[in-house]
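Asks: One-letter residues, chain by chain:
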Amino acid sequence: MNWELLALSPPGWGGALLRGLVTSLEVAAGGYALGQMIGILGSAGKLYGGPVIKDLLEIYTTVVRAIPELVLIVLLYYAGTAALNNLMGALGFSSVDISGMLAGILVIGLVQGAYSTEVLRGAILAIPPGQIEAARAYGMPPVMVMRRITLPAMLPHAIPGLANLWLVTTKDTALLAVVGFTELTLATRQAAGVTHEYFMFFSAAGVLYLAVTLVSNVLLQILERRTSRGMVRRRT
Amino acid sequence: MRKLTSALIGAAACATLMAGVASAETVKVGVAAEPYPPFTVPDAAGNWTGWEVDLMGALCNKAELDCVITPIAWDGIIPALTAGKIDAIMASMSITPEREEQIAFSDKYYSTPGAIVTEAGSDITPTNESLSDKVLGVQVSTTNQAYAEKHFADAKIKTYQTQDEVNQDLYAGRIDAEIADLVTLQPFLESDNGKACCEMVGTVAQDVEIYGPGIGVGLRKDDTALLEKFNAAIAAVREDGTYAEISKKYFDFDIYGD
Amino acid sequence: MNRQDSPDDIADIETPPPLPRLSALMRPHRIAIMAVALALVVLMAVKMRWDWLPEYAGMLLAGFWITAVLLVASTVLGFLLAVPLGLVQVTGPRILSWPARIFCTVIRGTPLLLQLWLLYFGLGSLFPGIPEIRQSFLWPYLREAWPYGLLALTLSYAGYEGEVMRGAFAGVPNGELEAARAYGMSRWKVLTRIWLPRAIHRALPTLAGETVVQLKSTPLVATITVIDLYAVVGDIRQSTYLTYEPLLFLAFLYLCLTGILVTIFRHYENKIPTRGM
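Protein chains in written order, with the working numbering: chain A, 397 to 632; chain B, 332 to 589; chain C, 36 to 312.
Worth flagging that the hints you see were computed from the coordinates, not collected in a lab.
C-beta atoms are modelled at their ideal positions from N, C-alpha and C, and glycine is treated no differently.
Some hints here could point you the wrong way.
[To be verified] Here are the simulated SDA-like cross-link-like pairs (lysine to any residue), alpha carbons at most 25 Å apart as the crow flies:
id, chain 1, residue 1, chain 2, residue 2
1, A, Lys450, A, Val460
2, B, Lys465, C, Trp181
3, C, Lys224, C, Ile235
4, B, Lys487, C, Trp87
[Stated by the list, open to error] DEER-style ranges, computed between Cβ atoms:
id, chain 1, residue 1, chain 2, residue 2, range
5, C, Ala74, A, Leu615, 36 to 42 Å
6, A, Pro406, C, Glu179, 54 to 60 Å
7, A, Leu610, C, Pro128, 21 to 27 Å
8, B, Lys552, C, Met61, 19 to 25 Å
9, C, Pro134, A, Val611, 20 to 26 Å
10, A, Ala479, B, Lys552, 18 to 24 Å
[To be verified] Sample of chain C residues facing chain B (criterion: CB under 10 Å; computed from the structure):
id, residue
11, Ser160
12, Ile168
13, Ser171
14, Trp174
15, Ile259
Just chain A, same shape as in the assembly:
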């Protein structure tokens, strides 16, 4: 094996891999943030929305969670762009230029949103109802209840599930390689294809992904410990 190929500066491909890693993390962060936004709205809609909203959200979470991520990504990466541009055209705007990065974020976010909706819904249900009733009794408007009571109170319940979703998101970005988006996995494949060192490069990428997971784990554990201060430890 020719270890010099992993050097950070060309002709080594280490730099290309690290750039891929940064892209992966950017897409993961963007997609995760979008997923949480969808999740907050979705869980609120599922719990407090009207019957139609509840049913539509149920369809969204069920369908997205039942179809392989790979299929969703391939479908949305092309169809999503076309649909968005058709919509813009119909509304009289000029077509938007959707970069691969943005398309990736949208797709990952839409998928994660379905899981996040379920995690947050469970977490909100775990809040003792008296707390929310008390807030209402003080005359807080619904948005303030959400902001001041529900979201902060559900956080300790949601963190383990959300932490898990973050780890899943970082790994799901690898699927974007299949549609030709140059994140870590595709950068690795390109490096392997040019140099024919498949084993070395795929192993190197594995180490990078593992490092992301392990570092995330440490940070998430600190976060979990902080947010669950004052909570009764759950027996396992």
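Assemble chains B and C onto chain A, guided by the hints.
Replies: Showing chains B and C alone in chain A's frame:
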């Protein structure tokens, strides 16, 4: 809570930044997102190099277009074009009647026959009888796949997403032979792996119905203005010697064909 | 790919809501939603092209068969591997528990797609360096793609479920094991009669979720030339030049498959008594 909110705002800002509105003169040229030597090859610095990339530079220069190379998976490159993710394809795509039902093509800018490479010392010849029951590797959705299905119907055809995977599996010994464009097989055969494992057993008989007139720039059908620009640019670089100059760096023969 | 990385929370998230009763479907707004959905389906049936379906039905069935075999084989083998993986992490000795732990961490810390490519292309690139391999009895299998797909899927399932089993073994109340020992059961008997059945019982609720995840992971094998359902649909897309119809159809198929899996699991979950859990 505040962290969550700021993360959300950050993501929204990111999204807005990246959805810049396309300017009229920017043309996103799609290339297959994998090494396809000597035409489109990513290098370690993150740039694309190769004959086709150089030619793209010359064509866009002549046509006064601001071309941006956009890598995309080969098997999704036509949907990407029709969906507007890219505006043109320069990925060694042959002009064929089936593809012309979906997209428009410029005039051809090069041509290459198909050829068969086998393990060194193999007795396979480019005939259906010889390939019968042999595993024949080919990149998916290429003219070579169509050719193999028509002319080597008795072979066990195995399709791959990318050309470098076909080469790799021939090197690993998982397939008995591969069929691909002659011009892209040569750099493989000159590489260490190719030298060690494999040899060319010949080009396949031409079939114009399948291979078409040559390789062209793929464009959306309604994009006639861009089509005319590319045609004019191809004629211009052929005329003024730029084409020959670029080709000289990569080939010792005439890649344009006749 | 949405695996649970912390087994404690599986029950919270993966327990699906109860199936709606027929009468619940008859509420006015639901009828309206169904009417819209039906209109969409009709629109899709009329506006899109589906004439390719009969021609490719045989290929689709063959692809489905590969997907099903890969799913069943990898979950069964993966579970068999997960039991010892979970057990040694609880009991030790260190020389076994550490490798098991590292294995689970590596599998769960890297994308399955990368594992597949490492196994298929990575190992493949090493073959020419070992000429003897071609004479070995394994060579006919090493030439094929499906063994790599099966291996990767099996290891992946074992990695995730191994972590679940670790939690399940650790979670069996000590008193039950002590009672068994007090009855004079040997260590082996305690394991086979009490510990293992109780641990598997505890892990059962996660199986449905993990198996659905496994089903959703199977299409990745198409990237290493296994002709599963996803690969067949890819083939259809290439030869018909249709972009969305085959993919939509595929999404619909996976939706049905997931539904069938969930129904089967729910049927058996209802049969297994959970009193005293």
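Asks: Hint by hint, where does the structure go against what was stated? Just the numbers, ascending.
Replies: 5, 6, 8, 13
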